[in-house]
Amino acid sequence: MGSIIYGGGRRIQFDDRTLAHLQRIIVAKLRRQESFTLSWQAEDGKQGRFSLWIHPSIPLQFEFDEAEQPDVNREWLTRMLVDATASGEVRLAPEPVAVSA
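According to full-length UniProt numbering, the sequence shown is numbered sequentially starting from 1.
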């Protein structure tokens, strides 16, 4: 499990594959000086949803357990980026299953 370390040291865990995709989206938006919310559903059978306000002035760190970077699912990135552009919120969506040709 990797982590986003945000602000005053708040640690939010995601699996490394998910975190790698979130990192690309978050960095792309921050590079454009965009603020936004990052939202995700509770896991492990819990109900609820979490949101963070992401702003370029708030310290942010990505920490991965694995040294190797996972392959990127471009469809997943595109879906989340399009949604974020339309709503101003990056919502962690389930990874789409690749369709074989």
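If you're looking for bench data, these hints aren't it; they were derived computationally from the structure. Take the hints with a grain of salt, since some may be wrong.
The following label-pair restraints were derived from C-beta to C-beta distances [to be verified]: (1) T78 with Q33: 30 to 38 Å; (2) A67 with T37: 12 to 20 Å; (3) S35 with A67: 30 to 38 Å; (4) D65 with V27: 15 to 23 Å; (5) E34 with R10: 16 to 24 Å; (6) E43 with E66: 14 to 22 Å; (7) G48 with E68: 14 to 22 Å; (8) S57 with P96: 15 to 23 Å; (9) I5 with R31: 27 to 35 Å; (10) Q47 with E68: 17 to 25 Å; (11) D15 with L81: 17 to 25 Å; (12) R91 with L60: 14 to 22 Å; (13) V72 with S35: 21 to 29 Å.
Bear in mind the structure is a predicted one, so any value in this text is a computation, not a measurement. We put the beta carbon where it would ideally sit given N, CA and C, even for glycine.
Self-check item: Cβ separation of I5 and R31, checked against the hinted range 27 to 35 Å
Solution: Given about 19 Å between the Cβ atoms, the range is violated.
Exercise. Could you tell me whether the CB distance from S57 to P96 stays inside 15 to 23 Å?
Key: 33 Å, violated
Self-check item: E68 and Q47 - C-beta distance against the hinted 17 to 25 Å
Solution: 34 Å, violated
Practice problem: Just tell me: holds or violated, for the beta carbon distance of G48 and E68 against 14 to 22 Å? | Solution: At roughly 32 Å between Cβ atoms, E68 and G48 fall outside 14 to 22 Å, so the hint is violated.
Quiz item: Does the Cβ pair R91, L60 satisfy 14 to 22 Å?
Solution: 18 Å, holds
Exercise. State, for the Cβ atoms of D65 and V27, whether the hinted interval 15 to 23 Å holds or is violated.
Key: 19 Å, holds
Quiz item: Do the beta carbons of E43 and E66 sit within 14 to 22 Å of each other?
Solution: At 19 Å between Cβs, range holds.
Quiz item: Is 17 to 25 Å right for how far apart the beta carbons of D15 and L81 are?
Solution: 20 Å, holds
Quiz item: Does 30 to 38 Å hold as the CB distance between S35 and A67, or does it fail?
Solution: 31 Å, holds
Quiz item: Honestly, do A67 and T37 meet the 12 to 20 Å range at C-beta?
Solution: 30 Å, violated
Quiz item: Has the hinted range 21 to 29 Å been met by the Cβ atoms of V72 and S35?
Solution: 25 Å, holds
Quiz item: Between T78 and Q33, is the Cβ distance one that fits in 30 to 38 Å?
Solution: 22 Å, violated
Hint violations for this structure: numbers 1, 2, 7, 8, 9 and 10, all remaining hints satisfied.
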